[in-house]
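K.L.:
Each chain is listed here by its residues.
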Amino acid sequence: MVSRPAILAVVLAACARTPHHTPQSVAPAAVDQLTLYRDRTLVKQRVELDIPTADKATVTVRVPIGVDVEDVVIVDRGGLIVSELRATTANGKAIEPRIEVETEATSEDEEPAAEEEDLETPPPAPTTPTEITFVASGPKAGRYALYLGYVTDRIQWDAAYTMTTTPARSRVTLRGAIAIRNTTGIAFPKARTYVIDTELGAWRGRLAEQFGALLSGTAMSGGSLAEPRALGTLALGTGETRVELLPDDPARPMKSVLVYDPIGTKLDHGGSAPIRDAALGVVPPAGSRVTESFEVARAQATSAGLPGGPVRLLERRSDGMLAVLGETRLFDAATRIAGVDTVAIGTADGVTGKRARRELTIDDDGKRLVEEFVLTLTNKRATPVEVVLREHLYRGQNWTLAYRSALEAEKEGPQQISIRTTVPANGETKILYVVVYTWEPATK
Amino acid sequence: MGRCTTLAGLAALAALAAIASAGPESSRPKVTIWAAPVPTATIYGGLSYGGHAPVTGALISERRDVDVSASGEVRVPGVAATIDAASVQLRDITDPSATITEQRFIAGASTPTELLQRHAGNTIIVVTPKGELTGVLRSADEQVIVIEIGSGDQRRLQILRRDGYVQDVRLPAGAGMDKPSLVWKLASKKQGKHTVELTYRADGMVWTADYLAVLDEPGTSIAFSAWATVKNTTGGTYDNAELTLVSAGPANLAATSNRATPVPTRYAIAKPVHLGSGQSVQVELLPTRLAAKARSVITYEAMPDPSLGFQAYPNTDCNQFNGVGMGRSEIAVEVDVPTKEPLPDGRVRLFRKKADRLEVISEEQLRSSAGLARIRVAPNNDINGERRAVSCNYDERLRTVTEKIEVKIENKAKRASEIVIREFAWRWPVWRLDSEDVKSARAGTQTLEYRATVPPGGKKTVTYAVTYTW
Numbered sequence: 001m002v003s004r005p006a007i008l009a010v011v012l013a014a015c016a017r018t019p020h021h022t023p024q025s026v027a028p029a030a031v032d033q034l035t036l037y038r039d040r041t042l043v044k045q046r047v048e049l050d051i052p053t054a055d056k057a058t059v060t061v062r063v064p065i066g067v068d069v070e071d072v073v074i075v076d077r078g079g080l081i082v083s084e085l086r087a088t089t090a091n092g093k094a095i096e097p098r099i100e101v102e103t104e105a106t107s108e109d110e111e112p113a114a115e116e117e118d119l120e121t122p123p124p125a126p127t128t129p130t131e132i133t134f135v136a137s138g139p140k141a142g143r144y145a146l147y148l149g150y151v152t153d154r155i156q157w158d159a160a161y162t163m164t165t166t167p168a169r170s171r172v173t174l175r176g177a178i179a180i181r182n183t184t185g186i187a188f189p190k191a192r193t194y195v196i197d198t199e200l201g202a203w204r205g206r207l208a209e210q211f212g213a214l215l216s217g218t219a220m221s222g223g224s225l226a227e228p229r230a231l232g233t234l235a236l237g238t239g240e241t242r243v244e245l246l247p248d249d250p251a252r253p254m255k256s257v258l259v260y261d262p263i264g265t266k267l268d269h270g271g272s273a274p275i276r277d278a279a280l281g282v283v284p285p286a287g288s289r290v291t292e293s294f295e296v297a298r299a300q301a302t303s304a305g306l307p308g309g310p311v312r313l314l315e316r317r318s319d320g321m322l323a324v325l326g327e328t329r330l331f332d333a334a335t336r337i338a339g340v341d342t343v344a345i346g347t348a349d350g351v352t353g354k355r356a357r358r359e360l361t362i363d364d365d366g367k368r369l370v371e372e373f374v375l376t377l378t379n380k381r382a383t384p385v386e387v388v389l390r391e392h393l394y395r396g397q398n399w400t401l402a403y404r405s406a407l408e409a410e411k412e413g414p415q416q417i418s419i420r421t422t423v424p425a426n427g428e429t430k431i432l433y434v435v436v437y438t439w440e441p442a443t444k
Numbered sequence: 445m446g447r448c449t450t451l452a453g454l455a456a457l458a459a460l461a462a463i464a465s466a467g468p469e470s471s472r473p474k475v476t477i478w479a480a481p482v483p484t485a486t487i488y489g490g491l492s493y494g495g496h497a498p499v500t501g502a503l504i505s506e507r508r509d510v511d512v513s514a515s516g517e518v519r520v521p522g523v524a525a526t527i528d529a530a531s532v533q534l535r536d537i538t539d540p541s542a543t544i545t546e547q548r549f550i551a552g553a554s555t556p557t558e559l560l561q562r563h564a565g566n567t568i569i570v571v572t573p574k575g576e577l578t579g580v581l582r583s584a585d586e587q588v589i590v591i592e593i594g595s596g597d598q599r600r601l602q603i604l605r606r607d608g609y610v611q612d613v614r615l616p617a618g619a620g621m622d623k624p625s626l627v628w629k630l631a632s633k634k635q636g637k638h639t640v641e642l643t644y645r646a647d648g649m650v651w652t653a654d655y656l657a658v659l660d661e662p663g664t665s666i667a668f669s670a671w672a673t674v675k676n677t678t679g680g681t682y683d684n685a686e687l688t689l690v691s692a693g694p695a696n697l698a699a700t701s702n703r704a705t706p707v708p709t710r711y712a713i714a715k716p717v718h719l720g721s722g723q724s725v726q727v728e729l730l731p732t733r734l735a736a737k738a739r740s741v742i743t744y745e746a747m748p749d750p751s752l753g754f755q756a757y758p759n760t761d762c763n764q765f766n767g768v769g770m771g772r773s774e775i776a777v778e779v780d781v782p783t784k785e786p787l788p789d790g791r792v793r794l795f796r797k798k799a800d801r802l803e804v805i806s807e808e809q810l811r812s813s814a815g816l817a818r819i820r821v822a823p824n825n826d827i828n829g830e831r832r833a834v835s836c837n838y839d840e841r842l843r844t845v846t847e848k849i850e851v852k853i854e855n856k857a858k859r860a861s862e863i864v865i866r867e868f869a870w871r872w873p874v875w876r877l878d879s880e881d882v883k884s885a886r887a888g889t890q891t892l893e894y895r896a897t898v899p900p901g902g903k904k905t906v907t908y909a910v911t912y913t914w
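So the protein lines, in turn, are chains A and B. 1 is the number of the first residue of the first sequence in the working numbering; add one for each residue after it. 445 is the number of the first residue of the second sequence in the working numbering; add one for each residue after it.
It should be emphasised that the hints constitute simulated quantities derived from the structure, not laboratory data. All figures in this text were calculated on a predicted structure; none of them were measured in a lab. Backbone N, C-alpha and C fix where the C-beta goes; we use that ideal spot for every residue, glycine too. There may be inaccurate statements among the hints.
[To be verified] Per label pair, the in silico range of CB-to-CB distance:
| no. | chain 1 | residue 1 | chain 2 | residue 2 | range |
| --- | --- | --- | --- | --- | --- |
| 1 | B | E785 | A | T60 | 29 to 39 Å |
| 2 | A | P52 | B | E785 | 36 to 46 Å |
| 3 | B | G901 | A | T361 | 27 to 37 Å |
| 4 | A | L360 | B | R843 | 53 to 63 Å |
| 5 | A | E240 | B | V590 | 54 to 64 Å |
Using the sequences plus the hints, can you model the full thing?
P.N.:
Shown next as structure tokens:
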């Protein structure tokens, strides 16, 4: 209960004060933040509010469809004290009490209707943004800003690229765009946006391991993380927004190569323990097709963090028409750290390959699986050819090349290597390598 | 001067409003809610093995001004639709000697048919394409309305189809007949206005704890906040409620004559809360800790905790769960919290600020002991451990099991680590610690924690003896 002398003191103090209270200025460049993952988006939503002289404000904000109050956290309270958050159901109605239905048989001929006990109609899917109301107080009157954090699956995106070259086929210009579809029901007029090309759960797990290694001062094992790519500050309305990924990328060198990649990434198993199936990768036998391809140098600085997507290699002919030379995918996880991108445009005449396994040994005591492969390239052309052999260590994430007959094997991704070799005219070249998969630490 | 007069007037109004709302304090509804029960992690020791269902729902106490009619009937509309009518208690503040001689609960009417049925016996107006009909409502269902029209020998029943024929129905204004209501017959010396205090239990109200931890980039400073999410699906609205939240205990912890059940922890929410029907509300469980020191520790458990499976009967097998080969170590972040009891179970989301971005690190169940909150980050392979029972003795006559446990750990990391060894007094909930060579902290009803800083390559042994009795 407020005493009368206290009220009088407040009134007198207010009368003596300067009449107009200027609101605090808000920190500059303060915007929403979106981090787009493959399956979800992490949103940091900025909310500005005025705290009046009575020191408490009730603010209602809209968050995406399907986000409930328990999904929302206050990640930065901006000096405020938030004592309460609430939400109504997305359709604005209270949840109705359960209705029990009983039925009776109406005639002797009819089967008595089964008793329907405790039937509960499932709640309808929300179709409107959720309104979150929160009560906040501050140290003094003025304008404040806090940040709400939540995850939504209603912002999806896809990336796609084009490579355009000339008839000389010596350089190529890479362009890309990301299309962001916002079905949250709310717009983000000013959102600093990042894209990370992986699922949120996988990213979070790797981050946790990385952070745990940082805390304990140990080295982290396993493959590389996808890098965040900044897309800038976007005006993301409801619907689709298209953002250029490489607007000013300079032309890159391109050259013709032959590629033998009989397995591809379809067998890649990302687990730490290797798959032990003896037939994996050898049944059915690998194909013999060697492709004519173009190899484009990847500029690591400007390509860092670009999301995976399809690419078309186009040739602009002298009459201005564009012709499609080939299609592939760029910047997938399998080739995350590669120095080049390769686009197949056809089959290489006169050059074939063969892949055969010479050994498979599983050592349970030593926790090692050893596999030896020999790849044979045959060139029936009259000139020597350079061939890029692409091999995939598909059994698991923990592998080592114990031996290889070629000088250099370049790691292009967490489970992909490439070996370059020259096959003499009308000749044959054999490449042999041994891969060792391990599981669990060698000593415990 | 004019401005000061206005301010003085406003302040007076504010004071009056404060007086009106503030006193007496007990005029606000009081709502005590039990937490959602913790799910059991094992198929053993469940309800069929002697467990029991923990208390759920809410206890609601509110003051109402009611009108006691000459017949003693009192109608209290707008109670929770999920009320447990058998739990209703009434205290008549106006006439303390008043007693309830009869009680009825009338469920709420939420569909058009239910609303119509409430007005059976009342005069209604039905609008049809052929005009308006005024009569007494006799019956209504999804397909038809039956009204009695006319009088004397002209009186007759008319059955009207609702689909297509009945265009409108006008009902007399009711006095809250559509809301869930309690109706009493009160034996009281006074008629007219009474103030009563009504207390009852209702389902459909539950709360869960949610935690948020935001680390700075190096991971040395943390902002930690604790929230309770309250869901109100009772059908009732409680404005300005004094809210108390009660933590849940283990779901299958059976009360027996020789064992005291753990005392639940009560959290009184400082400010009044509006609990609207169908709403979810989050309230602060604890004041937020900003820029608190974050400590990294490695926790080691030599075996998973099987204690939930031995709540109905003790385990007397000295050879079981010797723990060899089942050890697990994890790296975690700890922060001090100002509580004397462990925080209630709940989910904690861990974020980390990195440059200008926010990263999600983990979403796990919070571990807590008195004054401490711990957030799991990732598995850790630097700690090797071994647990063995040095001695174990089952005395069937005295009904005791006494065992001495030894836990050895080795730090294989290249730097010193603060290690928390978590041990479980898993055989039976009634136990005592007979001896230990390192002082432990109680982290749960059957969980002990031993802390040690172990140098790189170093080893540490912890030994303790425990006796179980039943």
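K.L.:
None of the hints should be skipped; say for each whether it holds.
P.N.:
How the hints compare with the structure:
no.	hint	verdict
1	E785(B) with T60(A): 29 to 39 Å	holds, 35 Å
2	P52(A) with E785(B): 36 to 46 Å	holds, 37 Å
3	G901(B) with T361(A): 27 to 37 Å	holds, 34 Å
4	L360(A) with R843(B): 53 to 63 Å	holds, 59 Å
5	E240(A) with V590(B): 54 to 64 Å	holds, 56 Å
When held up to the earlier numbered hints, the structure conflicts with none and fits them all.
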